[in-house]
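Protein sequence lines, in the order shown, are assigned to chains E and R. For the first sequence, full-length UniProt numbering gives the first residue as 1, with consecutive numbering after it. For the second sequence, full-length UniProt numbering gives the first residue as 1, with consecutive numbering after it.
If you're looking for bench data, these hints aren't it; they were derived computationally from the structure. Don't be surprised by glycine CBs; every beta carbon is placed ideally from N, CA and C. Hints may be right or wrong, so weigh each one.
In the DSS-like style, the derived pairs of lysine-lysine whose C-alpha atoms are separated by at most 25 Å in a straight line are [what the hints assert, rightly or not]:
1) K40/E - K166/E
2) K82/R - K7/R
3) K85/R - K317/E
4) K7/R - K324/E
5) K565/E - K716/E
6) K458/E - K411/E
7) K458/E - K88/R
8) K88/R - K317/E
9) K82/R - K317/E
10) K215/E - K411/E
11) K215/E - K7/R
12) K28/R - K317/E
Ranges between beta-carbon positions, derived for each pair [as the list claims (entries may be wrong)]:
13) R134/E - G115/R: 48 to 58 Å
14) P561/E - L101/R: 49 to 59 Å
15) F54/R - G116/E: 31 to 41 Å
16) F54/R - Y96/E: 19 to 29 Å
17) I43/R - T117/E: 54 to 64 Å
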Amino acid sequence: MLARTEPINGTAKPKPVSSPMNNFKSDLLNSFSLKSLKLKTKQQELLIRVSILCLVYVLAFITRLFSVLRYESMIHEFDPYFNYRTTLFLTQKGFYDFWNWFDSESWYPLGRIIGGTLYPGLMVTAAIIYWTLRFLRFAVHIREVCVLTAPFFASNTTIVAYFFGKEIWDSGAGLVAAALIAICPGYISRSVAGSYDNEGVAIFALLWTFYLFVKAVNTGSLAWALASAFGYFYMVSAWGGYVFIINLIPLYVMVLLITGRYSLRLYVAYNCMYVLGMLLAMQIRFVGFQHVQSGEHMAAMGVFFLMQVFYFLDWVKYLLNDAKLFQVFLRITVTFTVGVGAIALGVGTASGYISPWTGRFYSLLDPTYAKDHIPIIASVSEHQPTAWSSFMFDFHILLFLFPAGLYFCFKRLSDATIFIVMYGLTSMYFAGVMVRLILVATPAVCLISAIAVSATIKNLTLLLRAKNKVAQTASAKGIGSAKSSSKGLLDQSQPFHRNGAIALLLGAFYLLSKYAMHCTWVTSEAYSSPSIVLAARGAHGNRVIFDDYREAYFWLRQNTPPDAKVMSWWDYGYQITAMGNRTVIVDNNTWNNTHIATVGCAMSSYEDEAYEIMRSLDVDYVLVVFGGVTGYSSDDINKFLWMVRIGGGVFPVIKEPDYLVNGEYRVDKGASPKMLNCLMYDRARGVEIGNKDVKLEYLEEAFTTSNWIVRIYKVKPPNNRW
Amino acid sequence: MARSTSKDAQALFNSLRSAYSATPTSLKIIDLYVGFAVFTALIQVVYMAIVGSFPFNSFLSGVLSCVGTAVLAVCLRIQVNKENKEFKDLPPERAFADFVLCNLVLHLVIMNFLG
């Protein structure tokens, strides 16, 4: 009786002896409440966890809805329009037609084999969601499904992050990871509502695959390895960045082998995942046979063979039971294997059977490669190296929690923490090379930071609660006992430790709340603009919406013959095909450099040369973007130098220095003569600056949007002179 | 030097053979299956070297099905072997069920890939 009441009131005074009946009753009550308290604690914990996860799920979804609320539910940017068009085709014509689709409306006159040159994961996912909703009798339009696919999958990513965190560290870290990744700007940037692009689904698939693989390595079960192979298949179907997975996992296995952590669980997990994953991945036509032929995938195959060797050696060692004989055997087999492997690799690479790393991925290892050799890759703004400000902008406090988390991971090394450390370090390196890859680093950074946060807060609260308990038991045991003197000393330092812990906890909460505020601000200001509709502040401070792009595309759709061909810079290709429904010469797929260079050449030549090129391509209309009136900075004149560079890459007649004045790029009166006379200048800026009296001989103005942003010109047919 | 290595090799061979004969029969059956699968894969590679690799997807699917079943059988052997302490609590029925499931998926994908 005494023992039970002590923790409650913490006094040493014995309770006055009351009647046995009262004792019995209070006894019963106490035991009841305590027993139900004990049950309740576990259930309470479950309740707290589930409610936190539900809140995080909803939060991840609604924080991405800024642009839908401000403008309307539409698809943003350029690439998503192509995805939308293909999804529309899929839902209308069915899977077989989609898989075998040859599109003659883009890349005129070459056309494009869409079925074999895209990653179908995103479209199939959206189509499945659409068909499910339709089956449940929700009459949704496919566009709504497309717009909201990315936020939906972002919510799912938070759930996966929770399970992953639980696998690596504990459920507390999982919860923090889920909360951090729900609002992290690095991820939000590519998964807002309306950004219907591969990355929205791919990051979910990435984290999902990694989680399943780590689970397989931890448990050594074939079923989890099979699940991770399916996860890998989903990733391959969704994004070209699957190359990251197929290189990180073999690298991770190598590191485990080197650090002496080879185990049979690892063997089972990696082999099953590699063989089944490779087979499943080859079902995607775009990937094809790359898993056995391309240099980027050879690491996985090499590690596969290495694992067989390790297993074989392990088995022989077990059989022999004798160290000396095993040494002999080891010597023979190792020299043999290494020799054969090196010869095979050498022959394969030298004979060209194993293709070397493609330009896109090679530029990750050597960042200067693209600028000199492949201007198209270098011109995309997302492929530029990352500045420190971008890191801070996208990660905020996670940036310094990341090293702290690494420290914690190294303190408690296990197969799973080694994986997350490797994922974090490699993805941070690549994020430093290319802005776009901050997205891939985001889950790793969130997870590692979550470990730091969770471990720190756990230690601090343990400190708080331990001090409380020690205080109570110390005073309860009485001052006279021997132990109490030391506890008394502890008593004196307790207030300092306790205050320190409380101060640190408050500091941690302040930091986290600042992070949440920063993320929301970033999302609302920077990442929620559909670039197809522009907004600005008018002269009186009211908001002005420029809907010029859509105006121009619908004009094209309604006022030009259905087989008209439109020439513009490749940025707008997807949008023209999707909304204008007209054939374009080049679009964002950028698979044919020569074709794009032809267009670049046309834009940067004198009008009569350009006319020849346009006649040869059967162009009827030219579309340019002009920012002079509105001060729109991302117009075609800004992109002009890239047109020159890309055109000059294929047609040496276009020389970049011709367009520059003393090495500077100027568009006003002082611009170079070639610049003043070329087609792009005429079309875009001719009326305002520099050449004021430009006369168009071969083109006539067909349409200009209400804010003068998009201008469409009709190509005049040749004169019937002879 | 040569004689000592050959003597070593002989001693190696003998001890390997004697140790192997001590493994239980069920594991020996699995080993036989693995050997058969690898042998079939080798025959296919030799055939491709003679005849040429068109159509490549059929060749790949054939070789990979052999390699895949061999690998899965080895995984089964690992999980069923009572000497492996890591898999002590895994009931052999569960291991076999996983093996069958993975083989099913493997062969379904192969059939799709065969062309």
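- Item | Hints breached by this structure | Hints 2, 7, 11, 13, 15, 17 are the ones this structure does not satisfy, whereas the remaining hints hold.
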